[in-house]
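Chemist: Going down the list, the sequences are from chains Z and B. Residue numbering for the first sequence follows our numbering, starting at 1 and increasing by one per position. Residue numbering for the second sequence follows our numbering, starting at 1001 and increasing by one per position.
Just so you know, the hints here were simulated from the structure itself, not pulled from any lab data. Each residue gets a CB set at the ideal place from its N, CA and C atoms; glycine is no exception. One or more of the hints may lead you astray.
[Said to hold, decoys possible] To be clear about the criterion: a stretch of chain Z counts as covered by chain B if any three or more of its residues have a C-beta under 8 Å from a C-beta of chain B, and this derived list gives those stretches:
hint	segment
1	27 to 34
2	130 to 139
[Claimed, not checked] Keeping only pairs whose Cα atoms sit at most 27 Å apart, straight-line, the calculated BS3-like set for lysine-lysine is:
hint	chain 1	residue 1	chain 2	residue 2
3	B	K1092	Z	K18
4	Z	K258	Z	K268
5	B	K1102	Z	K18
6	Z	K120	Z	K92
7	Z	K92	Z	K4
8	Z	K130	Z	K157
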Amino acid sequence: MPLKQTPIYDDHLRLQAKMVPFGGWDMPVQYESIIAEYGAVRQDVAVFDICHMGEFILEGDAGAIGLDRIVTQSLSDLPVQSCRYGAMLNEKGGVIDDLIVFRLRPERWMLVVNGATIEKDKDHILKHLKTPGCFEDISDRTGKLDVQGPRSREFLKPLLAGIEKLSYYTFDEFSLLGERVTVSRTGYTGELGYEIYCPSDKVVGFWKKLLDLGAQPAGLGARDVLRIEMGYSLYGHELDDGRSPLEAGLNPFICWEKDFIGKSALLKEKEAGVKLKIICFVSDSRRSPREGQDLFDANGLCIGKVSSGTFSPALSRGIGLAFVKRGSVGAGDRVSFGQDQIRTPAQVVSRPIYKSGSLKS
Amino acid sequence: MEVIDHLFYTKEHEWVSIDDGVATVGITEYAQDAMGDITFIELPNVDMEVEQFEQLASVESVKAANDVYSPLSGKVIEVNSELVDCPELLNKSCYELGWIAKVKIASEEETSKLMGAEEYRTYLESLE
Chain Z
1 MPLKQTPIYD DHLRLQAKMV PFGGWDMPVQ YESIIAEYGA VRQDVAVFDI CHMGEFILEG
61 DAGAIGLDRI VTQSLSDLPV QSCRYGAMLN EKGGVIDDLI VFRLRPERWM LVVNGATIEK
121 DKDHILKHLK TPGCFEDISD RTGKLDVQGP RSREFLKPLL AGIEKLSYYT FDEFSLLGER
181 VTVSRTGYTG ELGYEIYCPS DKVVGFWKKL LDLGAQPAGL GARDVLRIEM GYSLYGHELD
241 DGRSPLEAGL NPFICWEKDF IGKSALLKEK EAGVKLKIIC FVSDSRRSPR EGQDLFDANG
301 LCIGKVSSGT FSPALSRGIG LAFVKRGSVG AGDRVSFGQD QIRTPAQVVS RPIYKSGSLK
361 S
Chain B
1001 MEVIDHLFYT KEHEWVSIDD GVATVGITEY AQDAMGDITF IELPNVDMEV EQFEQLASVE
1061 SVKAANDVYS PLSGKVIEVN SELVDCPELL NKSCYELGWI AKVKIASEEE TSKLMGAEEY
1121 RTYLESLE
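The following block holds chain B by itself, in its conformation from the complex (with noise of 0.2 Å):
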């Protein structure tokens, strides 16, 4: 399972990457090979205050739905509207192409309750 080493994750299997106060949001490699093909996305509204670890959208693949849950709290300022009419993005680029949403955040101390690459390598380790 692809890790990125600069990114922050968490036990949920989502990532993020932060750059000048700004928190772009996905799911990782782990998330989208587990869900399978996925075909839906609900993203949330520009603007939306979200709490760290609470709900940021949510995406259903043929099997299943599942919630993705932010990793900071803060402000959501744009969402990858692209994944509403090609969900598989998620699939085919987590990393990259398939972004959810950039969250505009207050501070970056809430990083100290998530994992970094190395970290959440052992995690994955752990669930198998």
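Same shape as in the complex, but just chain Z (with noise of 0.2 Å):
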């Protein structure tokens, strides 16, 4: 299958980006640098092409349809204008997708999901609506930017009025140069930020505007980094459908008081004991650890392995995301990662990796 573009690939290419295939999509891992484009979003501001994300929109009462069902998180008690995240699961309790459901009105929703998961996951949802023809798959004429940057804030302030109301994981509807487009302060970085809704249309033109306002634009190369320093998962590699929430961290996400798709398999698990966790880890070196490499405890043991790895430009270290045995390691201790006879040592954190960032500012 030939790799989807967004409708800014042409502009990706004239800014000379490197493009990588991305779940089935061409996208900018980096424009001219990845450590210059984190920095921008860690001290700055900057902009990222997020087209190809998921949008879907289901009309109704969420239990009435079978919403409340399909995700996770809860729903009865989200505030309209209020988004939540959370994941699909499968009966096996494995993760389908992790998402963002935003209440646009009491009985209208909206939910974000990931570029490449984007059939499957409305495969999912069709077969689980009690009511199908509520759904509308709205990616294809949906666009999406994600502004972000501790300078974010201001420089958004003169081109969406109002802005500074909107508080964490709130949204609204904005003017944006006389279009009408949906704003929320989410984001991937860890940094103060909104993510910005828009017709498919429009996007290139208000693209171009941020980059003339001076928005760097930058790469999923510098978003990873981003995300990996905050300790959050990346579907595929900490999520994936034989994967359990539970094991990655995902149980603050999950509302237990309400029925859903999964539960019994997580309580199962529950009760049998979760058998892995999910650490941050800092290396003692600038030697970063890769996906796939084995994690050891002080005695040299194998206790699990890596599932994102890179290079932390704030710590000048490398850094990363395992899975290991419960109960073999925890914050403060000592590990080593590697394959073969090399091992770095490194030393499990707390999470986020990255401390200081002015997500909540």
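Make one complex out of these two single chains by using the hints.
Modeler: Okay, structure coming up:
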């Protein structure tokens, strides 16, 4: 299958971005430098093309249409103009996708899902909805730009009147250059930031305007470094159909007071004892851990596997996320990572790895 | 992509200059650009014997790890320890400040297996 292109594709080429396949899409991994783009997000303001992600609209009472059973997060107490992170599980308790649910109106919802899993998610939702007519996939006609960084609020103020009123994980409609857009105060970077949902035929104009005003274009390379520093999961790495959300640390995003698909499997897993847990760790050196490498405890015993690894520009050290046997190590413990005989010493740290983000400022 | 005239090149994008039996080795502009921001280098030990086209060093970028191969056989006599704390020199100055190691070579005959600047430029064009 040919790779899909976002509406901004031609502008990525104009900016001489390095393009890579990502979940079936041809996406910019970097423009000039991952570390420079990362720095713009941590210290200034940057914009990401996130048009590849999927958006679904659902109409109706969440319980009556079956939506409440499809997602793990609590919906009944979610205020209008607020959004909430959670997951969709299969019957075995594996993660079909992680997603954010937006409550647009008391009985109107938007689900924001990963780009690589749009079709799979859609199949799952349609299979379990009680009234399939209430579902619409608006991914193709929806553009999405993430504006992230400690300066993002000041940067967006002249473009989006009233943006400063948005608190963390809320959203509203705004006028952007005369177009109606939805903006949420959410992100995947650990910094103050906003995500703009707009008609896909308007997104290139908005993108160019943001660049003209001085936002740094940032690619998926920087995005990955930022999310690993925050200990955020990425579908396909920390989450997949065979992975329990309890192992992946998604417990805070599961509402146990309601019924949801996969709940009985998770209850059984809890009763038997969850086997693995996710940890964050920091290398003693600049050497970075890589996905698939083994993690060892202080005695050299293999206790798990690295799920994501990169170089942290903030710490000038390699950093990683790993799944380890529950009870094997905790924050402060010495570990090492590597393959074969070459092992690099590291230390387990509490999440997030990067603790100075402007996320809630 | 900058290619310097008087150097020899490998297909793996290392460069080497030879002066009085000592080969200075580094990676090319193409290599550093392809790797992106370089964050770590593992240098060889001084006195290590290395064979032509065998591993000399390894470098990591934000994205991945890559091996650096020695363009010539010989004995490592000096390494650029500046790179340990400033691996970004490999990006900023790959042909000068970013040199990796100096290798005392036995003979220059092995250069017949390397490319000259013109040949390397043609090789780069073939990769596009």
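Chemist: Hint by hint, note whether the structure agrees.
Modeler: Each hint tested on the structure:
1. 27 to 34: holds (count 4)
2. 130 to 139: The restraint on the segment 130 to 139 of chain Z is violated, since only 0 of its residues have a Cβ under 8 Å from chain B and three are required.
3. K1092/B to K18/Z: holds, 18 Å
4. K258/Z to K268/Z: holds, 16 Å
5. K1102/B to K18/Z: The given pair, whose Cα atoms are some 33 Å apart, is violated under the 27 Å limit.
6. K120/Z to K92/Z: Holds: K120/Z and K92/Z sit about 16 Å apart, inside 27 Å.
7. K92/Z to K4/Z: violated, 31 Å
8. K130/Z to K157/Z: violated, 42 Å
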